[in-house]
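Start from the sequences and build out the full structure, keeping to the hints where you can.
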Amino acid sequence: MKTQTYTLNFGPQHPSTHGVLHVVLELDGEICVGSKTQIGYLHRGIEKLVEDRTYPQVIPYTDRLDYLSGMSNNLVYVQTIEKLMGIEVPERAEYIRVLLAELMRIASHMVGIGIYIMDLGAVSAVFYPFIEREKILELMSHISGGRMTFNYMRIGGVAYDLHPDFYPELDNFINEFPRFIEEYHKLVDDNEIFKARTKNIGVISAEKAMSYGLTGPNLRASGVDYDLRKISPYSVYDRFDFETAVGKNGDCYDRYVVRMKEVEESFKIIKQAYKEMPEGPVMAKVPKLIKPPVGDAYHQAENPKGILGCYVVSDGSPKPYRVHFRRPSFNNISIYDELFIGHKIADIVAILASFDIVLGEIDA
Amino acid sequence: MKNEKNYPELLTGRFGDKTVFNPEKPNEVYTDGDNLISVLEFLKNEGLNFLADISSVDYKEYFEVVYQLFSFDNSDHLTIKVKLDHNNPQVPSATALWETANWLEREVYDLMGITFINHPNLERILTWEGFEGHPLRKDFVSKKQSSRK
Amino acid sequence: MEFLNNIFVNIAQWIRELLAALGFSPVWVEMGMAVVYLVAILGVCVLVALFYVLWERKLAGYIQRRPGPNRLGPNGWLQTIADAMKLLTKEDVVPQGADRIVHLLAALFIFVPTVLALAVIPFGEGMAALDLNLGIFYLIAVTSLSTIPIFMAGWSSNNKYSLVGSMRAVAQMVSYEIPLVFSLLGVILIAGTMKLQGVVEAQSSVWFIVLQPVAFVIFLICAIAETNRAPFDLPEGESELTAGVYTEYSGMRWALFYLAEYCNMFVMSSVAATMFLGGWHGPLLPGWLWFLLKTFLIMSCFIWFRWTFPRIRVDHLMNFSWKVLVPLSLANVFVTGIGVYIYNNGLGWW
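Protein chains in written order, with this note's numbering: chain A, -10 to 353; chain B, 7 to 155; chain C, 115 to 464.
I should point out that these hints are in silico values taken from the structure, not numbers from a laboratory.
All C-beta atoms, glycine included, are put in the ideal place defined by N, C-alpha and C.
Do not rely on the hints blindly, as some may be mistaken.
Claimed, not checked - Taking lysine-lysine and the BS3-like style, the derived pairs with C-alpha atoms no more than 27 Å apart in a straight line are:
1) 274/A with 72/A
2) 144/B with 308/A
3) 25/A with 204/C
4) 197/A with 24/B
5) 89/B with 197/A
6) 66/B with 11/B
7) 89/B with 308/A
Said to hold, decoys possible - To spell it out: a stretch of chain C is covered by chain A in this simulated footprint if at least three of its residues, at any positions, have a beta carbon under 8 Å from a beta carbon of chain A; those stretches are:
8) 169 to 178
9) 246 to 258
10) 381 to 388
11) 417 to 430
Stated by the list, open to error - To list a few chain C residues with every Cβ distance to chain A over 10 Å, as calculated:
12) 154
13) 328
14) 351
15) 398
Written as structure tokens, this is what we have:
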């Protein structure tokens, strides 16, 4: 029988493209024979916009890159400027930064995992992680006033010290979180349908992952043990005892396992940072008008989605000459076109969701 | 952070005066477009196998394309910079070495207007197909801005 | 007690006598009764659907650690009424490239198999609108018709998502029809009749779920697949195909599909209650109430499955039907046949 392939516009309005991702699929029945990923529907030109802002005014823009982990984005940007100016950050500020970055990682992974399993059809699985995420967002709003766009980190430290209400709520979170992890493992890990849908789907070999510049949990799921917090520790990460989560097969199931493991490791760091947090100032002595010397700096950090890099060029004026962000999701999804071929529509949804992408970051 | 290998020295040993570096900045090497690919390939084999980022800067007189190389095995870091002519910015594509260069170069092409020779699919990526100009250039004026004046 | 048990039968009898007393000829009395049955069935359909929509949202809420709808009316019990009102008043959009007539008819036809099937369901003793000798056969034939309107909807919408959804629907419903029928065959063998009232009467001492546990499980799985409910909701497949066959439907027409889905679930769970759970049999309470309680139980299982499992993939779905359910149901029929043969002939020398 003579059959014909057809084109299916997957997105930009589609419930499981995590925003406005647009994939033009060439399908033979249910099976994908060609794919073209198109991005840019959420392009706001952040890199151009910030050229007209002063250095501290850039921080709120970074909140809007990966809007599920604003705190981590703040951190990368301010650390780049600190690197450029050679500012020493007070110890307490470093601990607060690590604590918040790890809380943010848990919050981001909670969304990532929840939405992933929801896209596989188990809608209930999204509510349990969101309850935990809600607690973290509450914590964050105690110290910064915002739930998703924090603008809390400052060049040279953090904006304010931790609010007194923060401590009992964090105690509460630390007490309740292990039960959630245990419960969620029971709920998802051994579900036969979940395993059938994710095992050996979207397999990425270690070589491919490295060549495509995959970072974060997606890279580690392929068996590459590369975590900047271990390889080149920034801030005070070298003081904590934790492991990196590494997968074996690089399939969708491993990406879930790695994220869950990472959440547990982040929880360990949070407990340590909270216990060992020193007293002291939270802000270094920084000039009122921030004017970095002429030059450039590149700094990168392990964000929940992968490695967020920031390249800043200064011409000695109060405004950055050029700011460029290496957005992890942008690099991660460049593998999609190759990965989708040969998979069914349902698998494409699983692969898409297992990458935990955020379009705000991809399109910048 | 200090690198395990002294890459600028290695490069000078291999390429002679085709690569330039400033002893005060041991993480930064300048090269030119003709030698870029062989430099990158050499460094990839030397262990800098992670192309983290390609960015570009418009310095008004010239363009600069900046490659951030890291290693998957240790914390080594090297920045490769290429200066390009402002009137005809062209540089060979690194897609043969890293797949990730494909999208990174498309982004640079889209926003800065630098042409990558031998790129398999050099199209606009973030802006739409009919978009005019390259927004990150310093002389770029958007339609909204120009109508306001 | 006896009064409550027969309340609906008595009402029907009373209407029949009323019609006769008004001087209608027997033919017209029968015609009038047919209208009464139809109205009653439609009433049941709508009431059941409205109730189960609400119950599903409530139960889903409890499964997901949230209260569910709780604003409108006492504890949110009026929510579905409000939703139905909203859907009724919404604009009826037909996409430009759609096959207009088929698109409109599909939403009407989706209800036909459901109403036809409900005609033979015995809600209580003597409480079936029609009591056919080939009741089960009729039921199976009629319920499988629901594939056609779904395919009509998918085809006429002129949308690729809808088309893929309807192709999935046909493949899925045809495959799952077979184990469904075979699972009922075991019950028919034991009961020795295809009359639904007769099957229920045969269960007066022991429910067939005890004699046919495997068949019950197979039937339940197939029933979920037949009604396109999660984890077998591939034709709809929200996260894959936006809304599959329903993508281009809005307002009242979409509501009809939705209503039909719940009525189909009700039909399937009443079949399960009739065939496996002893129909109206039960102590103390009136028979029809027992029947409704049993369907309610099975419906709640449907809802429970939907909000617990991820969606199965299309090839796994087919494999599961042809490689697991069909052989299993055939084996079940075989074993049941031997058992029935031994029971009928061999008990003497046992």
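Does residue 204/C sit within 27 Å of residue 25/A, going by the straight-line distance between their CA atoms? violated (37 Å)
Holds or violated: residue 89/B with residue 308/A, Cα cutoff 27 Å? holds (23 Å)
Taking beta carbons only, do three or more residues of the stretch 246 to 258 of chain C come closer than 8 Å to chain A? violated (count 0)
For residue 154/C, which was marked as not at the interface, is the minimum beta-carbon distance to chain A over 10 Å? holds (35 Å)
Next pair to validate is residue 66/B with residue 11/B; report whether the Cα-Cα distance is within 27 Å. violated (34 Å)
Given the hint that residue 274/A pairs with residue 72/A, test it: the Cα-Cα distance must not exceed 27 Å. holds (15 Å)
Do at least three Cβ atoms from the stretch 169 to 178 of chain C come closer than 8 Å to Cβ atoms of chain A? holds (count 3)
Compare the distance between the alpha carbons of residue 197/A and residue 24/B with 27 Å, and conclude whether the hinted pair is satisfied. Answer violated: residue 197/A to residue 24/B is near 31 Å, above 27 Å.
Against the 27 Å threshold, does the CA-CA distance of residue 144/B and residue 308/A hold or violate the hint? holds (14 Å)
For the stretch 381 to 388 of chain C, do three or more residues have a beta carbon lying closer than 8 Å to a beta carbon of chain A? The restraint on the stretch 381 to 388 of chain C is violated, since only 0 of its residues have a Cβ under 8 Å from chain A and three are required.
Cβ contact check, 8 Å cutoff: the stretch 417 to 430 of chain C against chain A, three residues minimum: holds (count 10)
Non-interface label on residue 351/C, tested against every C-beta of chain A at 10 Å: It is violated; residue 351/C is separated from chain A by about 8 Å at its closest Cβ, not greater than 10 Å.
Checked against the numbered hints given earlier, the structure breaks hints 3, 4, 5, 6, 9, 10, 14 and satisfies all the rest.
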